[in-house]
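Protein chains: 2
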Amino acid sequence: MNRIESVKNPKVKQWKKLHTKKEREATKTFLIEGFHLVEEALKKEEVIKELIVSEEVSIPASLNVDNIPLTLVTKDVMKAISETEAPQGVIALCREQDYSFDESWKKILFIDAIQDPGNLGTIIRTADAAGMDGIVLGEGTVDLYNSKVIRSSQGSIFHLPISKGNLLELLHVYKERNIPVYGTSLQNGQPHKEIEPADSFVLIIGNEGSGVDKDLLEKTDKNLYIPIYGSAESLNVGIAAGILLYHLRG
Amino acid sequence: MNRIESVKNPKVKQWKKLHTKKEREATKTFLIEGFHLVEEALKKEEVIKELIVSEEVSIPASLNVDNIPLTLVTKDVMKAISETEAPQGVIALCREQDYSFDESWKKILFIDAIQDPGNLGTIIRTADAAGMDGIVLGEGTVDLYNSKVIRSSQGSIFHLPISKGNLLELLHVYKERNIPVYGTSLQNGQPHKEIEPADSFVLIIGNEGSGVDKDLLEKTDKNLYIPIYGSAESLNVGIAAGILLYHLRG
Numbered sequence: 000m001n002r003i004e005s006v007k008n009p010k011v012k013q014w015k016k017l018h019t020k021k022e023r024e025a026t027k028t029f030l031i032e033g034f035h036l037v038e039e040a041l042k043k044e045e046v047i048k049e050l051i052v053s054e055e056v057s058i059p060a061s062l063n064v065d066n067i068p069l070t071l072v073t074k075d076v077m078k079a080i081s082e083t084e085a086p087q088g089v090i091a092l093c094r095e096q097d098y099s100f101d102e103s104w105k106k107i108l109f110i111d112a113i114q115d116p117g118n119l120g121t122i123i124r125t126a127d128a129a130g131m132d133g134i135v136l137g138e139g140t141v142d143l144y145n146s147k148v149i150r151s152s153q154g155s156i157f158h159l160p161i162s163k164g165n166l167l168e169l170l171h172v173y174k175e176r177n178i179p180v181y182g183t184s185l186q187n188g189q190p191h192k193e194i195e196p197a198d199s200f201v202l203i204i205g206n207e208g209s210g211v212d213k214d215l216l217e218k219t220d221k222n223l224y225i226p227i228y229g230s231a232e233s234l235n236v237g238i239a240a241g242i243l244l245y246h247l248r249g
Numbered sequence: 000m001n002r003i004e005s006v007k008n009p010k011v012k013q014w015k016k017l018h019t020k021k022e023r024e025a026t027k028t029f030l031i032e033g034f035h036l037v038e039e040a041l042k043k044e045e046v047i048k049e050l051i052v053s054e055e056v057s058i059p060a061s062l063n064v065d066n067i068p069l070t071l072v073t074k075d076v077m078k079a080i081s082e083t084e085a086p087q088g089v090i091a092l093c094r095e096q097d098y099s100f101d102e103s104w105k106k107i108l109f110i111d112a113i114q115d116p117g118n119l120g121t122i123i124r125t126a127d128a129a130g131m132d133g134i135v136l137g138e139g140t141v142d143l144y145n146s147k148v149i150r151s152s153q154g155s156i157f158h159l160p161i162s163k164g165n166l167l168e169l170l171h172v173y174k175e176r177n178i179p180v181y182g183t184s185l186q187n188g189q190p191h192k193e194i195e196p197a198d199s200f201v202l203i204i205g206n207e208g209s210g211v212d213k214d215l216l217e218k219t220d221k222n223l224y225i226p227i228y229g230s231a232e233s234l235n236v237g238i239a240a241g242i243l244l245y246h247l248r249g
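These protein sequence lines map, in sequence, to chains A and B.
Each residue of the first sequence is one higher than the last, beginning at 0 in numbering that gives the first Met the number 0.
Each residue of the second sequence is one higher than the last, beginning at 0 in numbering that gives the first Met the number 0.
Check the hints yourself; a few may be wrong.
Derived DMTMM-like pairs (lysine to aspartate or glutamate); straight-line CA-CA distance at most 25 Å [what the hints assert, rightly or not]: (1) Lys192(A) x Glu193(B); (2) Lys218(A) x Glu175(A); (3) Lys163(B) x Asp101(B); (4) Lys147(B) x Asp115(A); (5) Lys42(A) x Glu232(B); (6) Lys147(B) x Glu84(A); (7) Lys192(B) x Asp132(A); (8) Lys192(A) x Glu82(B); (9) Lys147(A) x Glu84(B); (10) Lys16(A) x Asp101(A).
Quick list of the computed label-pair ranges, beta carbon to beta carbon [what the hints assert, rightly or not]: (11) Ala85(A) x Asn177(B): 46 to 52 Å; (12) Ile227(A) x Pro226(B): 23 to 29 Å; (13) Ser5(A) x Lys78(B): 37 to 43 Å; (14) Lys78(A) x Asn177(B): 57 to 63 Å.
By construction, these hints were calculated from the structure, which means they are not laboratory data.
Glycine included, each C-beta is placed from N, C-alpha and C at the ideal position.
Start from the sequences, fold in the hints, and give me the full structure.
Structure (structure tokens):
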């Protein structure tokens, strides 16, 4: 078992670099933090490459970490690597999942340029709960492996396939298979409750400020909106995603 | 027009005290920050007592502030009062709204001990959008005038009546009027979609960790849950509120 005492150790420096998207993309690895996320990641094989544990922390026996390389670190080293104010004392170095888009998916969420990490994480958690078969992240969407995305997904990033792709191109795949594609738009749409729940659909959720890209909205089968009955100007995009996903699914 | 240059000015000290719940309760006043919130507050009479504006900021002509006492402050004073990292330069001292519970409400949201200010604000915004008649905050709920609640409500705290009360006592009012009262519970409930949308109902949303209080759940007409189809352990409470409110309303 390795043990690291110095924050200047090259491995520590390398781990800290993973706080940047650039380094995550270059190495195809990312960090997760805390017992719950580690537990969720352990349920899948080949996700965790290495466990980094603070020496004053004991790993619960329920976590099966026998075959995973373990590095003990001092409290100060843990603090240096951690992105939280009160580290739980356990971090895992993970391999990026390599999901490609799958034509067999029937209930799909397309995400077009969501910017806020908390929103993306919450939407992934909600799509997981609603039983989506897969999620596709379009260009301009915040990095999936941003620590705030992972944290607010509460482990759901490990529960369903999430791929990246050109939404405009992928949209045609579903149109050819006669799976309805629903955009979301405040203008020129129809109230979401007019759509009957169904076993297969694509829902497109858009950017917090500008909504779904116009080129996409032109190619959808229908564009939906959630009626506003009171005086609020809009709904939070995560709330909107939840209302639509739970309405649309059968 | 007053002008304040020193962060040690007694008025500045008094405004800063309003960051605490104790002072807000003692004075029945609170602060709001930023142009959007001020605009929403101005739509109601008698809400804003005083405007505090940074001297390098110009107030848009669209904001009708003619009859409101105005105090100019330096950038440093604004920074001292502000609770945000990048102050917009406008803060309003507001009177607490004094809504009492109204028996004539037909669509009501009861909030039982929501702890996170962001969750409470988002839920208020969603209840506004869904056209609720009123909200009652039960004991143990985070302070309505916490700045994070106000910010995430996006002004909806000024759009619908929000009162405080003992939920257990108020619940009987609706039962006597034959308005159905729905709790939310992961155990012993029924799937939310089994309930037909209607013109009048009470929905009770509970604490992030422990859910709705047991004594309340025993007195409801029915307790609902949102089915989890995937592997997520739960939904975020704000998302759950959105799904339920938009399903239940007619």
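Violations among the numbered hints, reported as their numbers in ascending order: 8, 10
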